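4 protein chains.
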Amino acid sequence: MATPQFKELRRSYGFDEVAIVPGDITANPDHTNIDFKIDNYTFSMPIIAAAMDAVTDVNFATLMSQLGGLAVLNLEGAQTRYDNPEEVLTEIAQASGAEVTPLLQNIYSQPIKEHLIGERIQSIKKSGAVCAVSVAPANTKQFAPIAAEAGADIFVVQSTVTTACHISKSYRGLIFSELRESIPIPIIVGNCVSYSACLELMRTGISGVLVGVGPGAACTTRQVLGIGVPQVTATMDCAAARDEYLRESGRYVPIITDGGISNGGDLCKAFASGADAVMLGSIFAQAEEAPGLGYHWGMSHPHPALPRGTRIKVGTTVTLEQILFGPTSVTDGSQNLVGALRTAMGACGALTIQEMHRVEMIIAPSITTEGKSWQRLQS
Amino acid sequence: MATPQFKELRRSYGFDEVAIVPGDITANPDHTNIDFKIDNYTFSMPIIAAAMDAVTDVNFATLMSQLGGLAVLNLEGAQTRYDNPEEVLTEIAQASGAEVTPLLQNIYSQPIKEHLIGERIQSIKKSGAVCAVSVAPANTKQFAPIAAEAGADIFVVQSTVTTACHISKSYRGLIFSELRESIPIPIIVGNCVSYSACLELMRTGISGVLVGVGPGAACTTRQVLGIGVPQVTATMDCAAARDEYLRESGRYVPIITDGGISNGGDLCKAFASGADAVMLGSIFAQAEEAPGLGYHWGMSHPHPALPRGTRIKVGTTVTLEQILFGPTSVTDGSQNLVGALRTAMGACGALTIQEMHRVEMIIAPSITTEGKSWQRLQS
Amino acid sequence: MATPQFKELRRSYGFDEVAIVPGDITANPDHTNIDFKIDNYTFSMPIIAAAMDAVTDVNFATLMSQLGGLAVLNLEGAQTRYDNPEEVLTEIAQASGAEVTPLLQNIYSQPIKEHLIGERIQSIKKSGAVCAVSVAPANTKQFAPIAAEAGADIFVVQSTVTTACHISKSYRGLIFSELRESIPIPIIVGNCVSYSACLELMRTGISGVLVGVGPGAACTTRQVLGIGVPQVTATMDCAAARDEYLRESGRYVPIITDGGISNGGDLCKAFASGADAVMLGSIFAQAEEAPGLGYHWGMSHPHPALPRGTRIKVGTTVTLEQILFGPTSVTDGSQNLVGALRTAMGACGALTIQEMHRVEMIIAPSITTEGKSWQRLQS
Amino acid sequence: MATPQFKELRRSYGFDEVAIVPGDITANPDHTNIDFKIDNYTFSMPIIAAAMDAVTDVNFATLMSQLGGLAVLNLEGAQTRYDNPEEVLTEIAQASGAEVTPLLQNIYSQPIKEHLIGERIQSIKKSGAVCAVSVAPANTKQFAPIAAEAGADIFVVQSTVTTACHISKSYRGLIFSELRESIPIPIIVGNCVSYSACLELMRTGISGVLVGVGPGAACTTRQVLGIGVPQVTATMDCAAARDEYLRESGRYVPIITDGGISNGGDLCKAFASGADAVMLGSIFAQAEEAPGLGYHWGMSHPHPALPRGTRIKVGTTVTLEQILFGPTSVTDGSQNLVGALRTAMGACGALTIQEMHRVEMIIAPSITTEGKSWQRLQS
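Chains as they are written, first to last, in the numbering used here: chain B, 1 to 379; chain G, 1001 to 1379; chain W, 2001 to 2379; chain P, 3001 to 3379.
These are calculated hints, taken from the structure and not from any lab test. Remember, it's a predicted structure, so these values are computed and weren't measured experimentally. All C-beta atoms, glycine included, are put in the ideal place defined by N, C-alpha and C. Some hints could be false.
What the hints assert, rightly or not - Incomplete in silico selection of chain P near chain B, CB under 10 Å: (1) Q3005; (2) K3007; (3) D3016; (4) T3101; (5) K3113; (6) T3163; (7) I3167; (8) E3200; (9) V3213.
Stated by the list, open to error - Computed cross-link-like contacts, BS3-like style, restricted to lysine-lysine with a CA-CA straight-line distance of at most 25 Å: (10) K1113/G to K1125/G; (11) K3007/P to K37/B; (12) K2113/W to K2125/W; (13) K7/B to K1126/G; (14) K7/B to K3007/P.
Stated by the list, open to error - Only part of the chain B face toward chain G is listed, based on derived beta-carbon distances under 8 Å: (15) P4; (16) S12; (17) G14; (18) T163; (19) S194; (20) A197; (21) V224; (22) G226; (23) I227; (24) P230; (25) L306.
Sequences and hints are given; from them, build the entire structure.
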């Protein structure tokens, strides 16, 4: 008997499994344009710091803005639960591996202080920076007006998986078209990973989509829930949604690849997969200015009943400026990310991010595997 | 010369190679329905404890039933060969790695005491629990009437591979339609892994099928015999058989994925592959109440001439209730399995197990491989 | 520009990448027939000991024959170069890793003593065993008549790659049809791995083909020369040639899978891939009676200018009889190979080797990969 | 909703993933012809030493020419920046892992001395060797006339990615048709990896193409930039371009696979992939005569702002002559490369490199993976 197919399983790809093919013409890296736009905001580089407590605080957000990018402050993390968040961040950094999850669960079970939401936003604004903040869908109705009133420029609604429609018998889900009318600033929503979910989100009128479920360095969602899509496929599918939405609406909604980028190579591949910008966590946690003190953890890590994360030691290396622009003497792709992007674009003859969307990629054996043969030579 | 194809090799998939794609809509996990039915029995969770000596004894079966699930007592293990099985279970736990297989071979060569079959069943029944018991095909004609008479509610016929038809010159194989007539209780049969074998089993009128050959954590069948099918493919193929049998007969025979589930992620993927329930061994062997004392071994391990298993140290972690319902501070997916299932269903917008059968899955690089890049960051 | 395809690359498979799917019916293992025939010789098991110095000497050949199988004595190894081969075998076992290749190169550079060819063959014949001997193509014209005259029953012409046609400006290649006329005994030729090469060999009128280039445990041909075909694909392709040759000639020429079988699972998969028999090296080198003293090395290892092998320590475990027939307490598939084959055939409902050729196999993630998740549980 | 495809991802292959299938006929290795031609130069072996400071200096170039091959001297490395390059090469060899990249950045920031260009070339020519030199595109206009005038026989223009057309607003890119007219010697250009880029380069009238971006043992381009194509696919695609260019122009432009070849197996596969010659770095760095003193590093390693390489310890083993022609007692494929090539050609029945282009290759599980099962046997 022939076996009928119960379900089709499509092959998906992560960064490690693909590589960029250089172009038929090359270009001078200095002439590449890597601007990134959300509504009326234009940034001189398409790189965003993640809404994670190990990465973005007021100071880091200010610095990112000064360097031409954007950082997102998490309004449900340590910064709004504690007057002096440095204390709990130090505790987290000093906890042993066995202690850290219960400690995080305890730290993040303390109440959010609404007055701190306003204060943090005002501190960022005072520096002259563009201020982006994030809230989970459940708290959005409560906190969005506070944030908008305090002067936030961009509002991010973010949870592990966010869709245009949420079913519940006990409460009314968040309606993004209503949220758009209630606050007058651009709204970015995430995370999502599929063509149809992304397209539905765009149809609600939002200004940007975060792409990525499961791939982050500090995330164990796939192990705990079985859910996740590798970032190359997720980005390509959401890029297809963006292009389809552009065709049907005339509006270009950028997609931001969030999670799983661990070096310049991954970053370049995200753009070759169709990303308009990338959101970085663990790489920025290595910056001297990062509040995580050399550690990094996910924001779904502290869930009280089903934590899904791991605290990783990333170390503290160099300044944020060097991570972004170099120069560097490390050769593993963790520094001079903007230089790497421009160089890769040059090698592909891509003068803009949108030209970079069209370069060829191939499926290739993972770097990890190749690495083994290098090690053989070194032993 | 072109090479003719001697045989077609279909690609199969295990849990580590797939991931669930979140849905276009999401749902509140609290509103998901995860009931599981076998004939007239309804359980409030679709999780069954395996018929393995390291997992199920009278006490564990009672507890599983109280928590809403089911456990299967093996009628050919230590529980029916020894008046005080705790003694030999302790011996197994204390044996060195080199001693353990000969010790198991010796322990399981002792005769089964028929009076213990009745006593164990009655103890389980006395607690108010639903009582399920298992026997290998060769002993079914002898033990099934004893078990039914003692009050067993569900009868499981289980061996590494069980089919609707067994060829032998020297004895008459077990005929399931006859067995059904001889005992008035639901019969579950396993294990099987293919569409056609599963369909033939269902056509004998049985009430459930166990799916899985080779994947268990303590099983070396594939290494010893070359036989085995990874669980995602096995489950999908048997789900296709279930659906075909439903079309041809109008009767819904549930399939139970048995083996290879090592965390919440695997469990969720089993349901996304089409399972109606899952049977767990090594995860439950970690419970404080498990009789294996922190060890786990397969029931084909003690074969006198061709043992196919390995004793693994799983450790003792928390109570069965916490493994099933949390809360937890571990982030590797080994605890709060019901919470993980409901959360994953919510992320997929699946309100019932049957809706979970229809969610999208993708082929993705294995978690193990991804893990390496995390470790690079941590070193 | 679309890229034209320079060359098609077909996917091939090794033992680790496939698994056998159990059948829709099962059979009693005791009733399986595993006879193997070469011309008029019938063996009660389809297992042959390799023509390697670590495996086959006079004593081992005698024992294999008594147990129902066959062993091949290499006429160009230590047995015919040394009156007391035990001395050099001991030297090899005692050499350090750095010394062993030069030592082998020296040992195998000593001349072959023609009188020892006759003596070894006569010793085997005296025991009542079927005597099979092997020679490389270059020496066949010289040694074949000596071997036939001394009473050899089966003549094996074996080199890394042997074809029906060899091009040389300086000498006339071996013509198998001529060889068949010059010696009146069955001729087995190898090794080959492709459909067309195997078919051409069969058309020369020989009686059996050895299948396998590169996969042996002690072979580095693929690393040194880039040449090799994984054994599942090689066996399937040669099985297709055997079936085609049967159609065109009416003659059934068995194929013998040689190399890469490291446990019972691999052995069963070889038959499911179409093998009529298997040739074992490293597994048999573990027998108490093996002349290799717990070590194993390939016969192309000692090449004077381009050695292609490695000496591996396999250890000495149990008797040959236990390796073949058990019983055993090891669970890794290295013992009770005949029991494993019969059990697998039973699980597939295959009563003969030819029925075993028709069972389903699937492509599955490698056992090695699965092993990792077991280890996670054990740590 | 069905997901539209944003971008097609073609599967590519590296050396480790393929294997050569032996032929239907075999040939005597002694009769194989492995000549390699560039314009009017004919070399008796198709092997070129890389333009890397750890490999080629005046002495090494002389020796390679005497042995029948070719070496390329890098005109932008230590040899033209330092009167006594041995001093800095010793410094590099003695630096610690942490110091080496900054040290390389400093060493290679010193100015190139034009008079040394002439002197090095004349030293090579004085020995009677064919002299090949390399320069990056940016310096080609300046150094090419100097090199030609000093007597260089072959001029190589090499950078990570070189195309027929380079876009820059600030300077005029190198035009190869102009370069050809300005110097009267054969020009080899690289590196490239795709059909179309290679074809465009050939159409400029150059005499050879270097193939390979990213695969070298000491290169981290793929990690830093995400760019790279595994060598089997890169070579096959460029071979298709060569064949197309031959059809359209009647001119045969050889392709040289450069990078990623770590043993004889890889080398043989390069030719089976369509290469006319191979360029070796890390293997030759192991020669007693290599200037790298047992170390190897890439020439894009010392980039001042974005270094993309790693220094690897390759060790010093035997003479260059033994690496090329043996005899040897190592069995890992790192020595007797010419013997390996001729032996592989014999096993494939290929009498010339062009016949070797037509042999069958298969996709096979990587040697690395196979290695694991050997190690299991050895533990």
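How the hints compare with the structure:
1. Q3005: Nearest chain B Cβ about 7 Å off; hint holds.
2. K3007: holds, 6 Å
3. D3016: holds, 7 Å
4. T3101: Since chain B brings a Cβ to about 4 Å from T3101/P, closer than 10 Å, the hint holds.
5. K3113: violated, 25 Å
6. T3163: holds, 5 Å
7. I3167: holds, 4 Å
8. E3200: holds, 6 Å
9. V3213: Status holds, d = 6 Å.
10. K1113/G to K1125/G: holds, 19 Å
11. K3007/P to K37/B: With a Cα-Cα distance of about 23 Å, the restraint between K3007/P and K37/B holds, given a limit of 25 Å.
12. K2113/W to K2125/W: holds, 19 Å
13. K7/B to K1126/G: Outside the cut-off at roughly 43 Å; violated.
14. K7/B to K3007/P: Cα-Cα ~24 Å, so holds.
15. P4: OK, holds: P4/B within 8 Å of chain G, min 5 Å.
16. S12: holds, 4 Å
17. G14: Cβ of G14/B sits 5 Å from chain G, so the hint holds.
18. T163: holds, 5 Å
19. S194: holds, 6 Å
20. A197: Status holds, d = 5 Å.
21. V224: Where the cut-off is 8 Å and the nearest Cβ of chain G is about 4 Å from V224/B, the hint holds.
22. G226: holds, 4 Å
23. I227: holds, 5 Å
24. P230: holds, 5 Å
25. L306: holds, 5 Å
Consistency with the previously given hints fails for numbers 5, 13, ordered from lowest to highest.
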